[in-house]
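Enquirer: Note that numbering that gives the first Met the number 0 has the sequence shown beginning at 0, numbered continuously upward.
Some hints here could point you the wrong way.
To be verified - In silico lysine to any residue, SDA-like type, Cα no more than 25 angstroms apart, as pairs:
no.: 1; residue 1: K495; residue 2: R466
no.: 2; residue 1: K420; residue 2: V351
no.: 3; residue 1: K381; residue 2: R330
no.: 4; residue 1: K446; residue 2: G512
no.: 5; residue 1: K440; residue 2: L415
no.: 6; residue 1: K495; residue 2: P460
no.: 7; residue 1: K446; residue 2: T473
no.: 8; residue 1: K386; residue 2: A362
no.: 9; residue 1: K386; residue 2: S410
What the hints assert, rightly or not - Pairwise CB distance ranges (calculated):
no.: 10; residue 1: Q449; residue 2: A517; range: 21 to 31 angstroms
no.: 11; residue 1: I408; residue 2: N525; range: 49 to 59 angstroms
no.: 12; residue 1: V199; residue 2: E291; range: 13 to 23 angstroms
no.: 13; residue 1: E304; residue 2: T237; range: 20 to 30 angstroms
no.: 14; residue 1: T191; residue 2: F235; range: 20 to 30 angstroms
no.: 15; residue 1: N409; residue 2: N255; range: 54 to 64 angstroms
no.: 16; residue 1: K419; residue 2: R328; range: 35 to 45 angstroms
no.: 17; residue 1: E289; residue 2: L457; range: 56 to 66 angstroms
no.: 18; residue 1: K419; residue 2: K459; range: 47 to 57 angstroms
no.: 19; residue 1: P460; residue 2: N409; range: 28 to 38 angstroms
To be clear, the hints were calculated from the coordinates, so they are not data collected in a lab.
Beta carbons: idealized from backbone N, C-alpha and C, even for Gly.
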Amino acid sequence: MVSAQFQPGNTVDIVAACGQQNHRHLALRTDPPQHLNARDARHHDVQHDDVVTPGQGFNLALFSAVGAGHVEAFTGQVLTEHFRQFPIIVDKQYGSHGRPLIGGCRLSRRRCSVSARPDDLYLTLHRVNRPQHALPLCCAANSACRTGPFWRVIGSAQMPLSPLSGKGLMISSRLLLSLCLLFSVPLVHADTFSISDIRVNGLQRVSAGSVFAALPLNVGDQADEQRLADASRSLFKTGFFQDINVARDGNVLVINVVERPSIASIEIIGNKAISTDDLMKGLKQSGLSEGEIFQRATLEGVRNELQRQYVSQGRYSASVDTEALPAPRNRIALKITIDEGTVASIQHINVVGNTVFSDEELADQFQLKTSNWLSFFKNDDKYAREKLSGDLERFRSWYLDRGYINMDINSTQVSLTPDKKGVFITVNITEGERYTVGSVKLGGDLKVPQDQLEQLILVKPGQVFSRKVMTDTTNLITRRLGNDGYTFANVNGVPKANDADHTVDISFMVDPGKRAYANRINFRGNTKTRLSEIL
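Could you build the full structure based on these sequences and the hints that come with them?
Expert: And the structure:
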């Protein structure tokens with residue numbers, strides 16, 4: 000009987016699958032070199048960190064690829080079987096795109112299969128984490144077979160096999176089945192080739208130049224599977240195609256594409272609150288217009304945006320349906336059907352957290368009103384998000400003009416009736432303390448006598464702080480400076496709150512800017528009066 004020889008120090012990691020828990024780490028090594036064979040009747044189930052001693056039998060089925068489709072199975076002696084079209088690929092640099100070599104199934108409690116190349120009989124198996132792209136195998140002929148640890152190839156001893164001769168062992172049906180399962184697993188592999196030509200099929204409207212501009216490959220480049228995948232992704236990013244297949248015909252790169260349809264026409268039905276022109280402008284800005292490439296995701300985004308637009312108008316029952324109808328020459332006709340529904344009416348406005356002012360006083364600050372007998376004429380009970388935002392800003396200003404500088408609107412809830420025709424508004428506020436005016440100062444480059452400007456200051460110490468009065472003061476000072484030629488004067492009122500005594504110190508800072516002069520005065524329309532008389 001002829002057996003293969005294991006050499007010390009020459010190790011290689013092998014991909015394996017379906018090992019039992021006690022096969023998490025296998026080590027096959029001899030020192031000094033000895034012949035190992037399976038003839039010994041003492042079958043040895045290799046354990047964790049176990050050492051195979053000279054002459055000790057071991058049930059290890061070792062498979063290797065010899066050329067395309069030629070497989071040899073080693074179990075100490077040699078048996079040759081042919082499984083065409085299923086070569087084993089050894090990837091010494093297993094990376095994120097890994098090409099894991101998958102081993103066969105464990106055929107019995109005392110046999111586990113591994114895979115290697117013919118020169119990898121000098122081996123050590125080390126357990127690694129299961130490869131991300133590896134598929135576990137399980138032997139259909141053995142119900143006890145279970146998925147176990149995975150292994151990967153990281154090196155090779157690069158040693159020749161011992162001469163092979165003698166009778167071959169019979170390979171069992173279960174071993175044969177495991178080999179079939181092993182080689183039926185698709186392995187990621189592609190030979191590198193030099194591109195002699197590039198052929199594009201399926202173009203209709205898209206020019207070949209657009210394809211070549213987006214293609215990261217050129218004639219003469221070296222191409223492999225990774226570069227072909229990158230080329231496919233680059234073409235998909237253009238948005239022109241709904242299907243792309245990159246293939247190889249000899250050394251010719253063949254790209255088969257299916258173009259996305261273009262938009263032949265757009266029809267909008269049922270819109271009244273929003274004009275068709277405005278809708279068309281919005282569609283065009285979103286990339287939907289006649290002649291453009293149609294993308295379903297864009298249409299869905301437009302539909303959702305239209306729905307939000309109608310909701311902002313208080314039309315909660317509005318619906319927008321879109322339909323893409325096929326048209327000749329790989330085109331589609333878009334049909335957008337809108338049911339605007341009715342604007343929800345305000346049933347109640349509730350302010351929570353007010354202690355200083357009554358509900359009636361606060362309700363008067365809203366332009367939105369609850370439904371009443373005048374609503375039919377004023378139409379002020381129709382809810383709209385923009386109107387509510389404006390009311391909340393006026394509501395906040397109303398408090399600030401009455402000294403409540405820390406007033407805060409904590410939250411606003413808008414709830415609907417079940418039929419979506421009625422709205423309940425709840426505003427939660429914190430009023431805070433009322434502040435009065437502390438000190439008032441005037442600073443900056445005045446340019447105008449200070450006493451004249453001080454007469455324009457409307458806020459006085461001890462008054463209740465009002466943002467409106469402070470703003471009116473800055474406007475008066477600005478106009479006074481403008482009368483003296485400082486047309487671009489800038490006056491800012493800067494409040495500083497003192498929380499200890501609830502006062503606000505106000506400083507009016509004046510920046511007059513450059514003085515403006517009249518360079519030329521032109522009169523037009525004086526057909527009867529002379530210019531000298533006007534001047």
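Enquirer: Give a verdict on every hint.
Expert: Hint check:
This hinted pair checks out: K495 and R466 have alpha carbons roughly 12 angstroms apart, not beyond 25 angstroms. Simply put, K420 and V351 have alpha-carbon atoms about 24 angstroms apart, close enough for the 25 angstroms limit, and the pair holds. A hinted pair counts as satisfied when its Cα atoms are at most 25 angstroms apart, and K381 with R330 does not qualify at roughly 42 angstroms. Taking the CA atoms of K446 and G512, the gap is about 10 angstroms. The hint holds against a cut of 25 angstroms.
Simply put, K440 and L415 have alpha-carbon atoms about 51 angstroms apart, too far for the 25 angstroms limit, and the pair is violated. Distance restraint check for K495 and P460: the Cα-Cα separation of roughly 13 angstroms lies within the 25 angstroms cut-off, and the hinted pair is therefore satisfied. Between the alpha carbons of K446 and T473 the distance comes to roughly 15 angstroms, so the proposed pair stays at or under 25 angstroms and holds. Of the pairs offered as hints, the one joining K386 and A362 holds, with about 14 angstroms between alpha carbons and a cut-off of 25 angstroms not exceeded.
Between the alpha carbons of K386 and S410 the distance comes to roughly 16 angstroms, so the proposed pair stays at or under 25 angstroms and holds. Between Q449 and A517 the beta carbon distance is about 27 angstroms. The supplied range of 21 to 31 angstroms therefore holds. Checked against the given bound of 49 to 59 angstroms, the beta carbons of I408 and N525, roughly 57 angstroms apart, stay inside it. Separated by about 22 angstroms at the C-beta atoms, V199 and E291 satisfy the suggested range of 13 to 23 angstroms.
Distance hint for E304 and T237: a CB-CB separation of about 24 angstroms, consistent with the stated range 20 to 30 angstroms. For T191 paired with F235, a C-beta distance near 23 angstroms keeps the hint of 20 to 30 angstroms intact. Between N409 and N255 the beta carbons are some 60 angstroms apart, a value that agrees with the proposed interval 54 to 64 angstroms. For K419 and R328, the Cβ-Cβ distance of about 43 angstroms falls inside the hinted range of 35 to 45 angstroms, so the restraint holds.
Distance hint for E289 and L457: a CB-CB separation of about 60 angstroms, consistent with the stated range 56 to 66 angstroms. Distance hint for K419 and K459: a CB-CB separation of about 52 angstroms, consistent with the stated range 47 to 57 angstroms. Taking the beta carbon of each, P460 and N409 are about 32 angstroms apart, inside 28 to 38 angstroms as hinted.
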